[in-house]
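K.L.:
Chain residues, written in single-letter form:
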Amino acid sequence: MKADIRVALVGNPNTGKSTLFNILTGLNQKIGNFPGVTVDKKTGFCQLPDGRTAEIIDLPGTYSIYPKSKDESIVFSVLADKAKGLTPDLIVVILDASNLKRNLLLYTQIADLKIPIVVALNMIDVSDKAGIDIDIDLFAKKLGVLVVPISARKIKGIDQLKNAIAYTNKIALQQDTIDVEAIAPQIIAQIKETLKIDNPYLALQLAHQHETLSYLSTEQSDRIEKLEHEFSFHSQKSQATETIARYNFINDLLYDTVKKPETAHDETVSNKIDKILTHKVFGFVIFFAILMFIFQAIFSWSAYPMSLIEDLFIWLQKVISNVLPAGPLVSLVVDGVLAGLSGVMVFIPQIAILFALISILEDTGYMSRVTFMMDKVMRKVGLNGKSVVPLIGGFACAVPSIMSTRNIENWKDRMITIMVTPLVACSARLPIYTLMIALVVPNRNVWWIFNLQGLALTAMYLLSIVSAVTVAFVMKFILKARERGYFIMELPVYRMPRWKNVGFTMYDRSKTFVLQAGKVIIAVSVILWVLKSYGPGDTFAKIDQKYHQAQYVKTMTPDSLNKVIASEKLESSYAGVFGHVIEPVIKPLGFDWKIGIALISSFAAREVFVGTMATIYSVEGDADKMESVQQKMHSATNPDTGKPVFTLAVAFSLMMFYAFAMQCASTVAVVYRETKDWRWPAVQFAYMTGLAYVASFIVYHWFK
Amino acid sequence: MTLSQLEVGEIGIVKEFTDLEMSVKLMEMGCLPGEEIKISRIAPLGDPIAIHVSGYQLSLRKFEASTIVLQ
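First to last, the protein sequences are chains D and R.
Here the first sequence stands for residues 1 to 704, where the numbers follow the working numbering.
Here the second sequence stands for residues 1001 to 1071, where the numbers follow the working numbering.
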């Protein structure tokens, strides 16, 4: 679709910006990336009353044009970078009418960049209710822009807003807010001259932000750096002067246009809720109750859709292998691509449920209270109150959780959070744990209510939290802080969740997960398929020959013969060769070469382990037939000693290995994407594998 | 007297800041000289604190609060 004009939505967090975006664009939106950075760019299209089409860009919520986090830095670069053709023709600034003062700071900054503006005065119903009287006509006149009162939640004033967008001139008509040039007259004049720009505020912002703006050439940036030294420009002092001047303007404006009732400090509903939810005792009780509920939901609600997806893939695999003639290509599609794809798809229900619940918690304002309550504990171990959200998300999947660390402003806190999130027991470990526990832990109750198997599983989850916290604590001393940590965060008023937003988030995150993880898993599944299906030289042909001899063909049924051939081929395939090669390394952990193959193949994704075990123990079907895999593994014996392979020690050792090892290519990929430095995923992979080896070794020898 | 010394429910007026870097961040969020601040609550573990300023609720750590000098 081609748009006639481009409109950017700008506003503080919690002002209903994304609600407005969803209303304006409907389902007609897509998520991409801003060029060169990994910040989600949400765009959509909207029909204007005059027949033109507007492309709407949703910019990340920010309190100021001076960025504090990765997401926020995109706002100024989009508005300033004329070269990339992303600059909007018009900006809709969303202001929370019930909280105008702080919201107006960003408005005044944007206004001074002299791009045409329309103000959407959102939550006008809330401010009316609170008795705040805004003289909208005078307010609009003083700013020199169109001001449209709306209520995005109640879908009021949207048509008027669209009219205003259509009506607004191509030339910026807003009034100046402050005397920008007075802040740093010489440097502004010099930058204007050297870079050939005529907007003084743009010039001032370039002085502040030139080091992080990718569109400036190195010479331009160096030139600005020189000018800064020449005129002894102090970024923070300049920003402080500017902020005070802006608030002076805002105070004058609000004094003339807004009347507030005297009883502003009244006990609000939000305050009453806070008294319970952040209570010394109940606060934590409620938080843990909510966490328990989330786990319960992730596992119980997803059971049915997950089995549906599995069945769908099994059906698909059967159809393809029945319809098409057998051959390497069909085998590649069925055993490689489809098997890999089903491994990803099956987690969609869990991820969707987790993200729906998390977005409800965020939307209501509860998540920021969790951050508020947990900050002190988290800080002790080198994390940040804001790390709680990714860590909880880690129980479903590390990939989207690592992406959600972007709103942690502090570099060191963010890095530590990224480094330890994959230790949290994600849902891909669950099939392995269930299989191993079912193998060696008796299914009976102790102390009446506690099921032994359930206790073992709970222990694995607790272990994951303890290990994440411990590693974070160690990293706190290793990593050097780049900047001072701080924690200045709005506690938004409690609100009912916007179900549409919850739905959108759920859809977005699941889609990102499928695309992110899907690509890697398919690629690795194909490679593994090749390694498992081919062997060095003519070994496969020899095996076929050997079993064609009369002694085998006559004594064995075709079915069992095929199984024997398949398992012998696997042993001599490239994967099998690798398994034998690494056997000496993993022997101290109690693993044989067969487990070695499973370890290698599950490097791509942990859930592959069960499937590989199924193939190795030549069970018909695959991972979905858990029971039969379990039986086969139970009766598997070591040919040298005649004792069972999967003893308590081996099973526990395997569980330890999967608890710690970074067996997930998608996580490696996303960590690289988020850190833009291959050393982070490399260090992460090394430390996790190291921990896994040590933990497995200890556990194996302890229980042996 | 700094903001960190106030008890829950007490009100103070900002005079100045002791830390330039923090002051820039705090002022952006509406904590400016002359502004009235009320302590709304303290987190269950004693840190951070929540304050009422410029018509909304803001949370900050005790250390950050200690850089705000009151009148």
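A couple of the hints might just be wrong.
[Claimed, not checked] In silico EDC-like pairs for lysine to aspartate or glutamate, Cα to Cα no more than 16 Å straight-line:
id, chain 1, residue 1, chain 2, residue 2
1, R, 1062, R, 1019
2, D, 237, R, 1021
3, D, 101, R, 1035
[What the hints assert, rightly or not] Which bits of chain D does chain R cover? Going by a derived footprint, with three or more residues having C-beta under 8 Å, they are:
id, region
4, 374 to 383
5, 652 to 665
[What the hints assert, rightly or not] Ranges between beta-carbon positions, derived for each pair:
id, chain 1, residue 1, chain 2, residue 2, range
6, R, 1018, D, 220, 32 to 38 Å
7, D, 252, R, 1069, 48 to 54 Å
8, R, 1018, D, 507, 43 to 49 Å
9, R, 1015, D, 507, 46 to 52 Å
10, R, 1001, D, 276, 40 to 46 Å
11, R, 1045, D, 672, 45 to 51 Å
12, R, 1001, D, 50, 20 to 26 Å
13, R, 1045, D, 297, 26 to 32 Å
14, R, 1045, D, 320, 56 to 62 Å
15, D, 189, R, 1018, 39 to 45 Å
16, R, 1015, D, 270, 52 to 58 Å
17, R, 1069, D, 291, 23 to 29 Å
18, R, 1045, D, 583, 37 to 43 Å
Since the hints were derived computationally from the structure, they do not count as laboratory data.
Only a predicted model underlies this, so the values are computations on that prediction, with no experimental measurement involved.
For glycine and all other residues, C-beta sits at the position ideal for the given N, C-alpha and C.
K.L.:
Which of the stated hints cannot be reconciled with the structure, identified by number in ascending sequence?
P.N.:
5, 7, 10, 11, 12, 15, 16, 17 and 18
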